[in-house]
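Go ahead and model the full structure; you've got the sequences and the hints to work with.
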Amino acid sequence: MLSLHISLRWPKKSKLCIIVTTTCLPVLLSCSLLCLVCIKRQRRAGKAKLQSTRTTSTFDIDEVIKLWKSEERSSEFSLFDFDTLENSTNNFSDENKLGEGGFGTVYKGQLSDRLEIAVKRLSARSGQGLVEFKNEIQLIAKLQHRNLVRLLGCCIQGEEKILIYEYMPNKSLDFFLFDQTRGGLLDWQKRFTIVEGIAQGLLYLHKHSRLRIIHRDLKASNILLDCKMNSKISDFGLARIFGSNETQANTNRVVGTFGYMSPEYASDGLFSVKSDVFSFGVLLLEIVSGKRNAGFHQYGNHLHLLGYAWELWKEGKWFELIDQKLGDSFETCEILRCIHVALMCVQENASDRPTMSNVIMMLSSDSTNLPDPKQPAYFNVRIKDEAKIASDFIVPDTVNEITFSDLEGR
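Numbered by UniProt numbering, the letters in the sequence shown go through residues 1 to 410 in order.
In case anyone wonders, no lab produced these hints; they're calculated from the structure.
Treat the hints loosely; a few may be bogus.
Claimed, not checked - Distance condition first, Cα-Cα at most 25 Å in a straight line; then the derived SDA-like pairs of lysine to any residue:
#1 Lys190 - Asp174
#2 Lys228 - Tyr204
#3 Lys317 - Gln189
#4 Lys325 - Trp313
#5 Lys228 - Gly99
#6 Lys171 - Asn96
#7 Lys190 - Ile322
#8 Lys228 - Phe178
#9 Lys171 - Gly327
#10 Lys134 - Gln157
#11 Lys108 - Ser93
#12 Lys134 - His208
#13 Lys97 - Gln110
#14 Lys97 - Arg121
#15 Lys317 - Glu334
#16 Lys314 - Asp352
These numbers come from a predicted model, not from an experiment.
Here's what the structure looks like:
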């Protein structure tokens with residue numbers, strides 16, 4: 001009877017288990033499926049994001065390699081590893097910092113073979129810096145000249161965009177030229193050699209490189225000096241390439257440095273080789289005088305060096321323009337010729353300015369008769385116009401940008 005009693009009660013427990021199981025199992029299965037779907041979606045999203053990042057980085061690197069190999073097989077341009085650059089700059093320490101600008105920060109580094117380098121690290125917030133970075137990469141394969149700073153390579157790793165240059169131990173021209181003490185270290189012979197180097201570098205860009213290149217930001221801080229004080233043009237981030245049939249171009253986005261911009265470029269966005277010639281003329285006057293063209297300075301009745309130099313020239317007092325720190329180290333006829341050529345380069349109309357070929361010929365020949373220069377650009381800007389000029393000329397050494405909404409070409 002006992003066994004019978006047990007057998008009669010067992011089905012009740014089984015029934016309860018079946019009810020519980022059938023009720024909970026669908027809920028558990030639904031939760032499990034929901035979790036699996038969420039995990040799968042997250043994995044897909046993460047994979048897509050990672051793939052997108054890898055595709056962009058790979059494309060950039062492949063583009064650099066393609067440009068390097070196809071354009072200049074003999075180039076020493078290299079792709080650097082980020083860890084190598086981090087070690088060479090002591091983890092990008094402030095002690096290694098050489099300078100800072102809109103692009104980012106430049107550091108001094110030393111590789112394992114003791115080669116000293118300059119490392120320009122793109123700021124993550126710099127949209128314009130990325131444009132300049134790509135511009136320099138595209139140009140390096142085409143530019144090889146002793147008066148141009150050599151780009152050794154680059155680093156593209158994750159968010160890092162870095163350019164590596166040869167190191168210039170004597171910094172930039174403005175470091176010496178506009179300093180009351182250091183300016184005395186640049187006697188006239190050194191200055192004239194610097195002028196010749198800049199002229200040769202520009203001639204190469206305009207005429208002898210594979211493509212005609214307009215620098216668009218020639219200024220004292222972009223002229224670097226090597227251990228022998230030889231000049232080298234640097235910073236091609238704003239440079240533009242001209243085709244063989246192009247003589248000028250225009251843009252509604254003017255970038256450059258006030259005080260060095262030609263009038264047609266600053267006002268109308270027009271640029272050509274004559275824009276660089278204008279900047280060279282400004283630079284030549286600064287080298288002769290030891291003074292900045294634009295800044296918090298007053299030259300007689302003028303707020304800039306061009307008007308002051310022109311006034312002295314017309315009055316026959318050109319010798320007052322010469323930097324007193326030069327002492328008696330200069331030859332009168334040579335420095336006078338430099339002032340004459342500089343004024344020809346900064347003439348208001350671009351068509352009146354000489355080419356760099358003519359500039360070099362005029363600077364190197366004492367027998368060449370030079371035509372009288374015409375009025376320079378911005379000559380009529382006087383002290384009474386200081387409210388207007390404040391926005392145009394008192395920012396001496398920073399890259400400025402102007403955008404024209406309506407622009408008509410000439």
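Checked hints:
no., hint, result
1, Lys190 - Asp174, "holds (14 Å)"
2, Lys228 - Tyr204, "holds (21 Å)"
3, Lys317 - Gln189, "holds (23 Å)"
4, Lys325 - Trp313, "holds (20 Å)"
5, Lys228 - Gly99, "holds (21 Å)"
6, Lys171 - Asn96, "holds (13 Å)"
7, Lys190 - Ile322, "holds (15 Å)"
8, Lys228 - Phe178, "holds (19 Å)"
9, Lys171 - Gly327, "holds (24 Å)"
10, Lys134 - Gln157, "holds (14 Å)"
11, Lys108 - Ser93, "holds (9 Å)"
12, Lys134 - His208, "holds (23 Å)"
13, Lys97 - Gln110, "holds (13 Å)"
14, Lys97 - Arg121, "holds (11 Å)"
15, Lys317 - Glu334, "holds (16 Å)"
16, Lys314 - Asp352, "holds (18 Å)"
Taken one by one, the earlier hints all hold for this structure without exception.
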